[in-house]
Amino acid sequence: MSVVVPAAQSLPAPLTRMASPRRLLLRRMLRSRSFLIGGGIVVFVALVAIFAPGLAPFDPDRIGAGKRLAAPGAKFLLGTDEFGRDILSRVIFGARYTLYIGLVAVGIGLLCGVVIGATAAYAGGWFGGLLMRTIDLLYTFPDVLIALGLVAFLGPNLTNAMIAVGISAIPYYARVTYGVVLSERQKPYVDAAQVVGAGHLRVVVRHLMPNVLPPMIVVASLGFSAAVLSAAALSFLGLGAQPPTPEWGLMLSTGRNYITRDPWLVIGPGVAIFITVMAFNLFGDGVRDLLDPRQRQRTQ
Amino acid sequence: MTRFILRRLFTALITLIISSFLVCMLIHLIPGDPVAMMMAQNSSPTPEQLAAMRHMLGLDLPLWQQYFHYVGRLLTGDMGRSIFGSEPVGKLLLERLPNTFALAFAGLAIAIGFGMPLGFFAAYKKGSWADSALMAFAVAGVSVPNFWLGLMLVLLFSMTLGWLPVAGEDWRSMILPAVTLGVTYMAIIARMTRSAMIEVFSEDFIRTARAKGLPESIVMFRHALRPAMISVVTIIGVVFGYLMGGAVVVENVFSWNGLGRLAIQAINYRDYPLIQGFILLFATIIVVMSVLLDIAYAWLDPRISVQ
Chain A
471 MSVVVPAAQS LPAPLTRMAS PRRLLLRRML RSRSFLIGGG IVVFVALVAI FAPGLAPFDP
531 DRIGAGKRLA APGAKFLLGT DEFGRDILSR VIFGARYTLY IGLVAVGIGL LCGVVIGATA
591 AYAGGWFGGL LMRTIDLLYT FPDVLIALGL VAFLGPNLTN AMIAVGISAI PYYARVTYGV
651 VLSERQKPYV DAAQVVGAGH LRVVVRHLMP NVLPPMIVVA SLGFSAAVLS AAALSFLGLG
711 AQPPTPEWGL MLSTGRNYIT RDPWLVIGPG VAIFITVMAF NLFGDGVRDL LDPRQRQRTQ
Chain B
297 MTRFILRRLF TALITLIISS FLVCMLIHLI PGDPVAMMMA QNSSPTPEQL AAMRHMLGLD
357 LPLWQQYFHY VGRLLTGDMG RSIFGSEPVG KLLLERLPNT FALAFAGLAI AIGFGMPLGF
417 FAAYKKGSWA DSALMAFAVA GVSVPNFWLG LMLVLLFSMT LGWLPVAGED WRSMILPAVT
477 LGVTYMAIIA RMTRSAMIEV FSEDFIRTAR AKGLPESIVM FRHALRPAMI SVVTIIGVVF
537 GYLMGGAVVV ENVFSWNGLG RLAIQAINYR DYPLIQGFIL LFATIIVVMS VLLDIAYAWL
597 DPRISVQ
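Line by line, the protein sequences are chains A and B. In the working numbering, each number is its position in the first sequence, counted from 1, plus 470. In the working numbering, each number is its position in the second sequence, counted from 1, plus 296.
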């Protein structure tokens, strides 16, 4: 829209010497510790997942790669498990499962949540109200419980766990989208678009969505960490990934049987989950600070 | 206030109706014939046995009547019978409920008891190294998987130091599960308290209170704490629900004999009536808790009930 341009041209002269918004954002990015540390680790985990076959010293499923339950040493940096499989290789391949689970679950939750939230906010009235009431209702139930209930009936396996975790997060995404769209909807550019004759779908997709997207990056990043935690918990409870998948939650679940004798079985996979989840949380916090400096000022 | 409570009870009732409907319909998510799946424990059920089970569960009725059949049974206090062991579901659940409540409240006490003072302190010392350290701890707290934290605590306090038992029923054996459960929510409450306090500290009435020369302790505890409390109380309702959900996982780490352990056993045995009862009971507890908290909230902040 050309409405903004004349206003920008008539800015007073001294302001034009200010750094461009892009440079400003870049500078803030480099100064934000959460963003740098979190983003750095996220990239690292992604690289480990992509290059897992090259990085892992052994085949993660190779039984008897070493002695059973060998202590960490030069050959097996994190030791071996009850089948003599190399734990380090299994942790490295586990990064693939974790990122895959997170992407699928967040994808399902985000897609459904955004559609529901945006529809409710844009439609408004009794329909929007009813939709959001239902979402609020589901939001009060812990996501682990919803996921657990769904997996119990769908049947315990990795695919169902991902679906269940994704569905359990829909209320969260729907609520955030609803809030954001509701506040954006009241802004003049929406009226302007409607006045010029844009249809509902066009207003939502072309005008609202680009403004709704940035906050959704924050939400998706924080949601990713929650999804990874829930899915790992389901696998730990025996309701997600099934043996011999090198999934971190499942590795903890089988490793705990040997915790007295061989504690390293539960240390490697646990640290991996912890670090990955923390990275996504830091990254999400960092992006939020960058997008909304006002919020940052208020809370720092 | 009475009108507010009545309206709140009405929405709670609607919530329960919708939850029970969803729980009733869960059975249709089962791939294939639910009755055959349930009777799979029984080596070869006869067609008569299958039909009898189908009739008992009301699954031979048209879909829209199934819900009324289900609620009709619920209203007479019948949550069905456990397929494995054939005991009444209600009895099984109520036996375990006190243990889960004990664990969840102990976790909540730890979360509030440590989270609020820490958040208050961090806000008061905003920008100091202590504030940074506490907030770093809070990020770690929300990121740590509780089932792993539990295993690590067992490794340290039970196996290496020998201070606390791994499992059992007395209060000493509740310390580790309660801490495991509480840490995440302690971190969340600390973060919430901190930002609520920082917001309150910048309000005009705090500046006024300081300007008229009140001692700092009175400004903090009489003027700043109450408004900050309100925003924290609101999230305690949500936190409690999530704490109950977390208890399901933590119970299975420590073999704590609560609802969560029962639920996982039920899932492993495909004991669907028991799972349905478990979810419905959880939903009811969460709805009741949220009503109570809303009333507490309205009492703390009279503006709420007027809206």
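In short, the hints are calculated from the structure, not lab data. A portion of the hints provided could be inaccurate.
[As the list claims (entries may be wrong)] Here chain B is said to cover these stretches of chain A; the calculated rule only asks that three of the stretch's residues, wherever they fall, bring their Cβ under 8 Å from a Cβ of chain B:
id : stretch
1  : 560-570
2  : 620-627
3  : 701-715
4  : 720-729
No residue lacks a Cβ here, since even glycine has one placed at the ideal position from N, Cα and C.
These are the hints, each one checked on the structure:
no. : hint    : verdict
1   : 560-570 : violated (count 0)
2   : 620-627 : holds (count 7)
3   : 701-715 : holds (count 6)
4   : 720-729 : holds (count 3)
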